[in-house]
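All chains should be modelled from the sequences, with the hints used to inform the complete structure.
Using the working numbering, you'd call the opening residue of the sequence shown number 90 and step up by one each time.
Read the hints as simulated data drawn from the structure, not as lab findings. If a hint is listed, it holds; no wrong ones were tucked in.
Quick list of simulated restraints, FRET-style, between CB atoms:
#, residue 1, residue 2, range
1, Ser623, Gly521, 31 to 37 angstroms
2, Glu496, Asn384, 28 to 34 angstroms
3, Gly521, Glu376, 31 to 37 angstroms
Here are the simulated DSSO-like cross-link-like pairs (lysine-lysine), alpha carbons at most 27 angstroms apart as the crow flies:
#, residue 1, residue 2
4, Lys189, Lys156
5, Lys649, Lys626
6, Lys562, Lys626
7, Lys380, Lys465
8, Lys189, Lys278
Because the structure is a prediction, the values reported are computed rather than measured. Built from N, CA and C at the ideal position, the CB exists for glycine as well.
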Amino acid sequence: MRKLLLIAIFLAAIFPERIFAANFVPEQKILPVSQIKAGASGYMLTVLQGMKPSRIPIKIVSVVPQKPANNISDLILIRLLNHTLLARGMSGSPVYVGGKLIGAVSSGWELSDHSLAYVTPIESMCKIFDDENLANESGFANHAGVFTISGINNRHVIEKLERSLGIEFVSGLSSGARGFLQPENYAFKPGDSLAALLVWGDVEISSTGVVTATSSDGKFLAFGHPFLQHGSANYPAARAFIHETVKSTSFPFKLSSPIAISGTITHDKKSGLGGQVGYYAASIPNELVFKNLDNGTRENFQFRVIADEFLSANLLEGVYSGLIESAWDRKGAGTMSVNLRIDAKGVENGWARRDVFFSDENISANCFKQASQIIKAFLTQPFYSAMPVAFRVEVEATQNPQVLIIEDIKTVDHAKPGEEFEVSVKLRPWRGERFTEKFTLRIPEDATGVSELIVRGGGTQSMSQLAVDEGWKSIDSLALMLREIRALDANNQLIIELSNDNIDNALKKAMAKRKSSRKNFDDALLPEQQEYLSETKARRIREGTLRIFSSDYLVDGMMKRIIHTDEK
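This is the structure:
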């Protein structure tokens, strides 16, 4: 063992740039931090404008010790010369001393001396591809990424995205790509500008940095600090064009635009990013069609998000909400119908649900909440990965309150068990002409005493998943989950339902059976406790105690009538 240790020490002394790089072997010669001396001169590669890296002279100020808990070896403090200032977007810029790579620019300080910068040593970055530490690296905390967003201007939506993702956007750093980003066959080089993408298309969420090092097998290192510190990652890596490096008292920055996708970032760790060129990650395509019914205009937005179930759910909520608010371009009262369609693996012929929403304050801020919850439930469901998946949302908007008000109901006072009877419902669109809809219901065969007729909007006292809520049944497949979501009452539905006091008697009998016997336990449950909501609705429609009428309005209100059950 002692002999092997001596050989290792000997090899490290002769080939220090190779001994620690088992997982990533850079094509560039490297110099370990242990051999770096204060006062040494070198240079940094970074793009200041356009796409060609510039060589910026630097001087080593000091090597700053770090605690082992940081998972990074000692940081290197450098000073940029020739009046060059550190800027946001320079993270990952490779730094060379004596022609050898020592690491990547990783951070600086706001409202301070912008000629000073920290460098993450190349030793730490070469361990990025060590998958044994992925579990310890994951999480959103302590990231140093600089995030930019374009295509969404609403500050409320941006702040909501920041809270849900645990990040902070810096305005003005990204101008967005021209058109939809396409893959390209390009091998990154040290000093190239690189954009890590979360969303791209008509909306972009990204962070721009610099490629630090490359390997002969197509791998690359970048940033010198984390993006989201997600451990294992799946972000597209795009070449970026730098329009200008802008001076600022707070912190200078690069104004950038992604150009084309050249590969994928596969590792996102404390010491930086690692990725592979020529490999293009899966993504989730999205489309929003927004129709303004007041002026007849129609807008289409298309974008993609990374295929990460939990992160994508938060991204989609913010992006769709932001696009809807941008397309509506106003605050205040209004009505919006939202039609969500999902096409995915295992979802035959797709799945869709439509609902209508009204708000007297800010409709565009509230209309997407339900669709967002469905998307999140779909992406994070525990049954199997439904990738590939695509989402399409159609929104129809008007300033007019498209509200249907229940004004009156007329029906019989008495009916026999098993007898059909008619219900007339008078409805009035907001400030419109009243009209009547008629429905036929049936008194249950076993009905006794008094029956209660309820006419209501779908958003009022909605029917619940009694069997699931009380623990008698569970949702055990994606198909069942989607079926039961579709079965939920919708705001645009007029619900006509009949209940009978015989149900109360049945409940009392059921409770008595439950206490006296465990043998026929299912007999002691109500039908609603043994059925999913979709089954309950289907059964009651067959029996004639439930009718559902769908409209283009939000149905508001509830009215009741009493029907006495006569003996046969």
